[in-house]
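Asks: Throw the hints in and build the complete structure from the sequences for me.
There are 2 protein chains.
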Amino acid sequence: MGRVGRRVAAAAFCIWDAFVIEGRAVNPNAAKSVPLSNDHLLAQLHWRYATKKFDAQKKIPAATWRTLEEALVLSPSSFGLQPWKFFVVENADFRKQLQAASWGQTQIVDASHLVVFAVKQDLGASDVDRLFDAMVKQRGADRAQLEGYRQMMLGFVANVPFGITTQEWSARQVYIAMGQFLASAAMLGVDTCPIEGLDPAAYDRILSLPQKGYRTLCASAAGYRASDDRHANLAKVRYSHGEIIEHI
Amino acid sequence: MGRVGRRVAAAAFCIWDAFVIEGRAVNPNAAKSVPLSNDHLLAQLHWRYATKKFDAQKKIPAATWRTLEEALVLSPSSFGLQPWKFFVVENADFRKQLQAASWGQTQIVDASHLVVFAVKQDLGASDVDRLFDAMVKQRGADRAQLEGYRQMMLGFVANVPFGITTQEWSARQVYIAMGQFLASAAMLGVDTCPIEGLDPAAYDRILSLPQKGYRTLCASAAGYRASDDRHANLAKVRYSHGEIIEHI
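As given, the protein sequences belong to chains G and B, one line each in that order. Note that the working numbering has the first sequence beginning at 15, numbered continuously upward. Note that the working numbering has the second sequence beginning at 15, numbered continuously upward.
Fair warning: there could be bad hints in the mix.
[Unchecked claim] Here are the simulated distance ranges between beta carbons: (1) G:Asp-107 / B:Asn-105: 52 to 60 Å; (2) B:His-261 / G:Ala-70: 14 to 22 Å; (3) G:Gly-162 / B:Ala-106: 40 to 48 Å; (4) G:Gly-203 / B:Arg-80: 21 to 29 Å.
[What the hints assert, rightly or not] Non-contacting residues of chain G with respect to chain B, defined by C-beta distances greater than 12 Å in every case (computed): (5) His-60; (6) Asp-69; (7) Lys-72; (8) Val-123; (9) Asp-136; (10) Ala-139; (11) Ala-158; (12) Gln-165; (13) Ala-172; (14) Asn-173; (15) Gly-203.
Bear in mind the hints are in silico, worked out from the structure with no lab data behind them. Cβ atoms here follow ideal geometry from the backbone N, Cα and C, with glycine treated the same way.
Replies: This is the structure in C-alpha cells:
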C-alpha cells in the first residue's frame, strides 16, 4: 500500500457503511425479529453437507427458490458495494457444457438449481456512483450530504489496502454471499453443493460473463439430496472447538 | 497458473470433498431438518444490519454465544480445510487497543463480543495432514484409502490455481465463515457489525497472531443494538432483484 493508499485507508476505514448516513426512508423490518432457538440453528447447520448426489426429479418450489434469491440480494458486503451478480443457469444445454467444465460433477446437471457466483470486473468510480444513486433513491438520502462519503469510497476502490487488488477485494465479498447462501439454504431445508471445482474461464466463455462485466468465481448447486448419497450420513469433519476458537 | 498447476487442477477440482470418502462414523444429525418458513428466514435477514451503536450494558447469554461459536466451527470451506481461526477478544485492554487500530469505532469496545477472523499463514502440507488425521479420527476413515485424495490436496495447496496465491485462496474461505456467522447471528436475533475497517498489522501485533500462525483479515462485533442507533431504522440499500440475479 502506497502513501496515497494509507491516507485513503485512514479516511475510509469506518466501512460497511459505518458513516452516519441520513435518509428519510425507513426499514419496515427493523423491529421484526423472531429468533430461532440455539438448538434449531445448530440442527440445521449440522444437517447441511456438501451434497454429492442430488435427486434429479425433485425440484425446489418456486417460492422457496425465490426466497434464496432474496437471501443473495440481501447479502452483506463491505461499504454495501455488492460487487457481484448471481447467474441462475436454467438452460439445459448450458448446464451440460458447465458440467464438462466442472470435471464432470453430476451435481451441475442433476440439482434442481445451479447458481454461478460472479464478481464485478474493474470495480471503480462508476460502481461507487451506482451505489450512491441507489442510496439517494432507496433511502431518500441527500446527495450533497453524501459527497464526503462518496469521495472516500472513490479513493478506496481506486486504491484498496490490505496488499490486495481491487479485484481480489471484490472476490472476498462474493464469498460472504456464498456463506449467507449456504446457511440460508440450510435454514430452508434445501441441500447445496458449493463448487470451486470448475474452470472459471470456461464458465465465463459458456455464459458470456465478461461481456456483461463479470467473472466466474465459484458456483453452488441446490436441490435435494438423493436417498442413496452416502455422503449424507458421513460424520462431518471439523477441527475441535478448542482448535478453532481461542479466547484472549 | 503453470503447467503443474493445471495438472493439479484437473485432478483436484472435484473439491469441497467431492471424492467418495469412506468412513464408519455417521452424522447423527443427517436426518434432522426442521425448515424455517420462507417468510421467517427473510424477516431475520431483513432485520439484520451493520450495527453502528451497541448497547454496552447488554450481554449475549453464554449459551447463545456458544451457539455462534459452533456456527463458526461448522462453517463450510473448500476441501474442508478450515484455513482459519477465530479469536474472541475478552480482555478489555486488548479491546481498547484494537479500537485505536480500528479508527476509533465504538463497536469494538461497546459490543458484547468481538471476534477476529484470522487466516492460517503458509497453508501447506502439514495442514493437509492435519485434516487427514481428523478424517481418520472423526470418520473412522481408512488412511490408506485416502492416500490418493491426500496427494491431490498436497498438489492443490502447493499450487493453487485461479491465478491467486494460496494465502488469498485461504482468505476467500474465511469470508465464507463471515457470511455464515452473520446469517447465523441474524437467525438468533443477535446484532453484528462486520468490520474490515481495521489495521490488520496492528491487530496482529496486539494479539500476537503471527506467532500463532495466523493473520488478521477482518472482525465482527456482536451484541445488541442501542435503542438510539439511528442506522437500525434506515432502509437497507440493495440493488434490485433484477440487477443482481440473472436467469440464463
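Asks: Against each hint, give a clear statement of whether it holds in the structure.
Replies: Comparing the hints with the structure gives:
{"no.": "1", "hint": "G:Asp-107 / B:Asn-105: 52 to 60 Å", "result": "holds (58 Å)"}
{"no.": "2", "hint": "B:His-261 / G:Ala-70: 14 to 22 Å", "result": "holds (20 Å)"}
{"no.": "3", "hint": "G:Gly-162 / B:Ala-106: 40 to 48 Å", "result": "violated (33 Å)"}
{"no.": "4", "hint": "G:Gly-203 / B:Arg-80: 21 to 29 Å", "result": "holds (24 Å)"}
{"no.": "5", "hint": "His-60", "result": "violated (4 Å)"}
{"no.": "6", "hint": "Asp-69", "result": "holds (15 Å)"}
{"no.": "7", "hint": "Lys-72", "result": "holds (14 Å)"}
{"no.": "8", "hint": "Val-123", "result": "holds (14 Å)"}
{"no.": "9", "hint": "Asp-136", "result": "holds (16 Å)"}
{"no.": "10", "hint": "Ala-139", "result": "holds (17 Å)"}
{"no.": "11", "hint": "Ala-158", "result": "holds (18 Å)"}
{"no.": "12", "hint": "Gln-165", "result": "holds (16 Å)"}
{"no.": "13", "hint": "Ala-172", "result": "holds (17 Å)"}
{"no.": "14", "hint": "Asn-173", "result": "holds (15 Å)"}
{"no.": "15", "hint": "Gly-203", "result": "violated (3 Å)"}
Violation of the numbered hints given earlier is confined to hints 3, 5 and 15; the remaining hints are satisfied by the structure.
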